[in-house]
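Trainee: Chains as they are written, first to last, in our numbering: chain A, 1 to 996; chain B, 997 to 1412; chain C, 1413 to 1613; chain D, 1614 to 1699.
These are computed hints drawn from the structure, not numbers from a lab. Just so you know, even glycine gets a beta-carbon here, dropped at the ideal spot from N, CA and C. Among the clues, some could well be false.
Cut-off 27 Å, straight-line C-alpha distance, at most; resulting in silico cross-link-like pairs (DSSO-like, lysine-lysine) [as the list claims (entries may be wrong)]:
1. Lys1016(B) to Lys512(A)
2. Lys281(A) to Lys599(A)
3. Lys692(A) to Lys730(A)
4. Lys1480(C) to Lys1623(D)
Stretches of chain D that chain A covers, calculated by requiring three or more beta carbons in the stretch to come under 8 Å of a beta carbon on chain A [to be verified]:
5. 1627 to 1639
6. 1666 to 1674
7. 1683 to 1690
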Amino acid sequence: MTPLPQSRRLASGGLIDRSRTLSFQFDGKPMTGHPGDTLASALIANGTILAGRSFKYHRPRGILTAGSEEPNALVELRSGARREPNTKATTVELFDGLVARSQNRWPSLGFDVMSVNSLLSPIFVAGFYYKTFMWPAAFWEKLYEPLIRRAAGLGRASREPDPDSYEKAFAFCDVLVIGGGPTGLMAALSAARAGAHVILCDEDFSFGGRLLSEQFVIDGQSGADWKAAAVFELEQNPAVTLMRRTTVFGGYDQSTYGALERVGDHLPVPLPHMPRQRLWKIVAKRAVLAAGAVERQIVFGGNDRPGVMMASALRSYVNRFAAAPAQRLGLFTNNDDGWKTVADCIRAGIKVEAVIDPRPAIPEAFRQLAIQAGARLFEGGLVQDAHGTARGLQSIDVMTSTGRTESVAVDGLAVSGGWNPAVALTCHLGARPVWRDDISAFVAGDTPPGLVVAGAATGAFDLRSCLADGVRLGAEAAQAAGFTAVAPTVPAASEETLGLMPLWKVTGARTKAFVDFQNDVTAKDIVIAEREGFRSVEHLKRYTTLGMATDQGKTANVNGLAIMAALTGRSIPETGTTTFRPPYTPVAIGAFAGHHRGKHFRPTRLTPSHAWAAEQGAQFVEAGQWLRAQWFPKPGETDWLTSVNREVIAVRGAVGVCDVSTLGKIDIQGADAGTLLDRVYINGFSALPVGKVRYGAMLREDGIVMDDGTTARLAQDRYVMSTTTANAAKVMQHLEFCHQVLWPELDVQMVSVTEQWAQFSIAGPRARDTIQKLIDPMADVSNMALPYMGVTTITVCGGIPGRLFRISFSGELAYELAVPARYGDGVIRAIMSAGAEYGIVAYGTEALGVMRIEKGHPAGNELNGTATARDLGLGKLMSQKKDFIGRVMAERSGLTNPDRPSLAGFVPVNRADRLRAGAHFLGLGAHPSASNDQGYMTSVAFSPSLSHWVGLGLIKNGPNRHGERVRAYDPVRRGDIEVEICSPVFIDPEGGRLRV
Amino acid sequence: MQYSAFSLLKNALTGHRYWKPAWREAQPRDRYDVVIVGGGGHGLATAYYLAKNHGITNVAVVEKGYIGSGNVGRNTTIVRSNYLLPGNVPFYEWSMKLWEGLERDINYNAMVSQRGVLNLCHSDAQRDAFARRGNAMRLHGVDSELLEKEQVRKIAPYLNFDDARFPIQGGLLQPRGGTVRHDAVAWGYARAGDRRGVDIIQNCEVTGFRIDNGKILGVETSRGFIGASKVGMAVAGNASRVAGMAGMRLPIESHVLQAFVSEGIKPLIDTVITFGAGHFYISQSDKGGLVFGGDIDGYNSYAQRGNLPTVEDVCEGGMALMPMIGRVRMLRQWGGIMDMSMDGSPIIDRTPVDGLYLNAGWCYGGFKATPASGWCFAHLIARDEPHAVAAAYRLDRFATGHVIDEKGQGAQPNLH
Amino acid sequence: MSDPMPNPRFAFAGHLTAIGSLVAGAGITLMPKDDLALATVIARKGQAGVLGERVQALFGIPLPARPKRAAAGKIAFIGTGPGQWLAIEESSGDPQSFAAKLATEFAGSGSVCDQSDGRAVIRVSGPRARHVLAKGLPVDLHPRAFGPGDAALSQIALISTLLWQIDEAPTYEIAVFRSMAGSFADWLIASGAEYGIAAMS
Amino acid sequence: MQIECPFCGKRDAHEFAYLGDATVARPDPAVPDAARAFYEYVYLRDNPAGSHRELWYHSAGCHSWLVVTRDTRTHAIETIAQVGAR
Ligand SMILES: Cc1cc2nc3c(=O)[nH]c(=O)nc-3n(C[C@H](O)[C@H](O)[C@H](O)COP(=O)(O)OP(=O)(O)OC[C@H]3O[C@@H](n4cnc5c(N)ncnc54)[C@H](O)[C@@H]3O)c2cc1C
Ligand SMILES: NC(=O)c1ccc[n+]([C@@H]2O[C@H](COP(=O)([O-])OP(=O)(O)OC[C@H]3O[C@@H](n4cnc5c(N)ncnc54)[C@H](O)[C@@H]3O)[C@@H](O)[C@H]2O)c1
Ligand SMILES: Cc1cc2nc3c(=O)[nH]c(=O)nc-3n(C[C@H](O)[C@H](O)[C@H](O)COP(=O)(O)O)c2cc1C
Ligand SMILES: [Zn+2]
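With the hints as constraints, model all of the structure from the sequences given.
Mentor: Structure (structure tokens):
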């Protein structure tokens, strides 16, 4: 198909680049446009009136606005994995190859079966679903809800991962100017001239705001020329950052602003390495909000018909985009500004059939203008109903000042109900806008610290005041940020008047009159809401969904609350607005995530031996942020248990090595290091001899175990503490709290050395033999010289300085060898070759877990944040002689009750049974019920040494029930077996092997 | 007027001219048998059950703003009873049962949607913890299923199974869990209470309590004194402020939790999915918006709004879990003030003041509790003794050590 | 004891390979700094003054009380917290002995801890360095706010970082925990790709 | 929210860990009603709507514990100081 000519493109004018033609498709139809077009302007240029269907009634809808306030013209942009639902055609910058599709219709936009909903509209009124669909109960999920869900929603999201990338960035400035219309440009110029570092953002792809869309003259130049000069000056200033296509979407605490830059959205696909969008977090000393104002609707019958358009939007299409939305236009305006449309239409050759102005007396100049345009003038008139089809408008019914109704044939109607200053960003921190009677609009009330509002956003609706505002507030902002402003000069511009007569809703409409277009909220819905008691604006909003659509009611809300005000006899300010919330316009979820998706969701921490382990084919597991080797499968081993059993057997029978560098390590120095440790651990450390290691447990202040680990005394005034992998940061924070907040008088210095050391556990009967081959030959690591729970410094592999701890998690003769992390890779290779003759294996976290369970050491699953030291069998460690964190609260009756679940071992009565962590304990024969619940299995392992499963668990009064049998009940995995309670230490209970 | 398809049709034919207000715009009277402070879900439900279960109809609910302006109107609508600890499971399951019959009971469609709640797990330890939880639920007769990765894939094929930082290993499913339309709960209870004679008084802020000799006499409000023999506080995020007026300090901090909704899209996500490792949970409302949230902002706040880092954090979780939502746009973000208790569990109890009762500490999970909370609080107020399923929610449990700490975080409210 | 001493494996080893073809027009240049000796120095209680004098006497460096880098010759001290510094020795042949030496010199006034392996340091320089770092660092690096000698402790892409500026090129050096070098490199490469990246060793 | 760390400068609150009320003080464990005193210290909070003294830890920065006085209604920060530096 070849594209049709751009039938509604004006022959000349506009800020489009006619030298290049761009091809695009809408609903499969090929069309063309030019650089500088939006999708909406290109559709208009191609004579397309119908752009979308509404949410509830599937009403045909045209293009209403020319900006981000658009409620109607929403499309699915792009296709496949890049499909973007609900994209406003009015904000899409046209690019070559653009593909868009209309939404919420079937089979086609022109003929939509669901438009029968419109016939059912007497039933589908506000809140109808709260009143029905209650019977029978089961039908909700099966029938009603799927139907409702299918009918709801507009576009379709892709089901494939988003192929584009996003990023985030920070920016800092003296003055942030939000909006680059005449006000914003002037504010930026004025701040920049004072020397301030300025960021100017505009959501449009071109600066200029209304200057692009109106026939303004500034300092004798056209608005567009003045703007070009202003932008040029700003571009030349290195202290100014100009950000086009950047919406400031939210104001947050302490002058932090969120902004979205659409970096690649105007391209078919982003260039290589180009993010699609960038989320800016801008910290500004001062901010000037110059976001302009949004023109609002008037509520009359059929006001949603395709062909009805905001007057300012119509001028945008005509002046900026050189596209004619209509050929025979009606204009319905309650203010002077709307009249600009007449002059612009005359210039563009669009016939103005009629001007309907409800004001009883209009200025003479306008009367002349109407005559010049050959338009019928209905002074004091009202448009009651607009009639048309999906293809366009046919006529309007005008109620004259004398009460007659006349029909006027038109194919378009421009409407201006006045202007709402864009105050949203002033309200994000909780302020409320205030009503101004003179302009019949809400303006900013209190503004957030550091933010000022300027131009049309303050209700200054004439160019002169806008420019003056910009000059003044830009300079003041710069001054407040510490600069000296230069004497301001305000460019000259002609005078403008507003002369608005408030008009919210036309009475006597015969057809549906819409307030919220996208959500199909009619004036009648508001009446029903009022009748049913939903009178607060917030109730009104929620009951009718007014203002809850993708446009957040930018063109609709004030009409809605004005109608409610009239119904309840309250004033508009008494009625109030609903709450403005970020984002100002919707922001892609991907942009908030930036780089942090997929594997980059969170940083990954790699152990010093990672590369080596990967070479060995290790299976890795996520342990918090760490990746750790879980087991090392050997060729032929297909299931994890075989590998793990082999690793355990090798350690218990010969020797194995495991990277335990992930354990937290904290270097603690100072004269009072021991005192601090005494206060954070339940047991004592100040009396620990130098060269010794001790196991310790620490509590939270509420008496529950926080963490455990070993701490070694390296010197009189120096210890090194180890923490569990999971709690490393938390313990560091806790120690800093204890030191800085509780006991600042102590002479203690602490720093995390977790990353400094590669630490390997070398365990098994041949551990010493292996170590011996690695270390400085002069070093003595005999049982005498370095007994169990000793520590010494040594050098290994011919000169690498290290620390050797004689500690054991596995229950075997074991050492932990710490070397500077850069040598981790080399040292594990050296350990493997040193141990080769003894049959050394590398073992992973699984085997480590098996052996600690066999030894009954509590770990993560037992340190569950609710267990006390006594529960875990550590009660004996709790010193009676000193205070320590958690001591007092640990004595609360609820924590000392002997019936509390406490640590015990478990074996299956039928030794072939498998144990499962998470199974609950019930008395034999007890009915499975919550009241019979005695505790649960915390950790299990298959013990290759014992050839059956063993488990640890917390069970009521556990330590006193060894030998008793209970049920391990596990209905979620269909398990229900008998287990015997036993000592939690399954291997070498006397600990002989540790000490050899 | 009873709501039904029939009454809707009948009114449609008469231009909807005859609907009555869902609840009367009641003016405060001098005294009531019971005054409930707080027109949120819990307060309104309490008033309804006082009338329905205990025949106490001389009741007022006083609300400082409009009813539903608090957390009941700003939550992510998830209901479930997949709790772990014995103090909690029976209570939340009772709530689940009440949800199941609610709409016919109160004659209001609150869109109780039992679409299933799926919690994902990413490690063996998490799976064991889910097994423990699932088993605890089963022990109390609550439905729970432990799913393997492939079963999760069947339910939600669009999740990131291939390229995840924390690969999905399985999940815990509660098929009866789901969502309920937040506002409808407030309005439905209000209407049902009103029909039984309860006065719902909006724009009436409680500013103090009148207490004599340790006994409650009534409440001071922005609209004058209202006498009452008994007063129940159900003010959620404002619990400390209101209890403070009676001279109490509570084991509670007020924190903001944010929630987010996307633009409306056609059905995409059919269950409730929670991604604990990524602090993200999501469901799709019947209107088509993806409703999602994550962690609390983490500092004391009464501002009812949050900050940007949490938005980023939540969306990072979303993109990590379901990278197809990248181009779906967030429409709105808002916050609610939550009564974060020191053990993450609620309090429904008497207070040191005779006739003054406390309902608080719901954290980010009290929406699902609404029916049972109302039921049990009404029971406590009417009979002056705790209801059996809420017996563990005592105020003195912190002093005695009988805390109910599902997450094991201890006395740090922002970590619950 | 037959095997020779194993070679060190540095933190960025294998993590910069993705730069591959991104070199064209390099806007930033990355260079891992594997030759630094690093040590944390924390003043003992009430001894900050004494420590400062020791440092001044030994190295001719005034200990910065703020996040700043003060350097003389091969030695630099960066303020990393109240009473805390990161001491750096450039092109150090024997990193462990640096800490050991400091410990001896500061005995009684400062606690010293070797961190030569705990932090991985990478140098980022080039005309686009500021643009790239702005994608992660919540600190204003504009010359007006941050210049040679300034340092910042912060976070980039959820990774704790210590950054300091060397010169006006600008050249920055960034220290991250060693285990996160890979993730940090991933972020750097993703953020720098649009400007082109060169790697030096 | 931006917190100006006295050492590091202005940073987003994201870099900090929050602990809560800074006005409670760890009781002397030797007092006769220590159980009560600790209960109040660990559990009871004023939780004011308005000015609130609270503890923040600059975990991604200099590891200082800070006392921040902040209005819980507006998030406006009144004062910030290193703990102990009163
Ligand atoms: C973002 C968010 C998401 C959540 N998601 C879930 C979820 O998915 N599932 C879940 O179960 N829970 C969730 N919750 C928690 C849940 O919403 C609350 O726990 C629950 O709603 C609290 O009970 P309520 O409805 O009675 O509270 P509210 O609705 O807050 O009611 C308290 C009322 O008291 C009023 N009040 C306060 N002070 C006074 C006074 N002095 N005088 C008169 N009136 C006063 C308030 O205005 C308010 O209306 C979420 C909460 C939030 C904020
Ligand atoms: N006579 C009237 O009734 C009337 C009414 C309104 C406007 N006007 C005219 O319009 C002009 C107003 O000038 P102005 O500069 O104040 O407003 P403007 O509308 O010209 O410019 C506002 C700019 O802000 C941008 N913007 C809005 N929100 C934004 C956000 N959140 N982030 C980034 N960019 C955003 C818009 O894209 C626009 O370019 C004057 O010329 C005035 O005469 C007249
Ligand atoms: C479940 C749920 C769904 C929501 N869906 C929408 C929505 O589709 N559109 C919308 O504008 N707001 C939606 N909101 C947000 C409300 O507009 C509002 O922000 C929220 O109730 C908090 O009130 P506030 O913002 O007035 O303080 C939704 C809120 C909830 C709780
Ligand atoms: Zn700091």
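Trainee: Compare the structure with each hint and give your call.
Mentor: Here is how each hint holds up against the structure:
| no. | hint | verdict |
| --- | --- | --- |
| 1 | Lys1016(B) to Lys512(A) | holds, 23 Å |
| 2 | Lys281(A) to Lys599(A) | holds, 24 Å |
| 3 | Lys692(A) to Lys730(A) | holds, 25 Å |
| 4 | Lys1480(C) to Lys1623(D) | holds, 15 Å |
| 5 | 1627 to 1639 | holds (count 3) |
| 6 | 1666 to 1674 | holds (count 3) |
| 7 | 1683 to 1690 | holds (count 4) |
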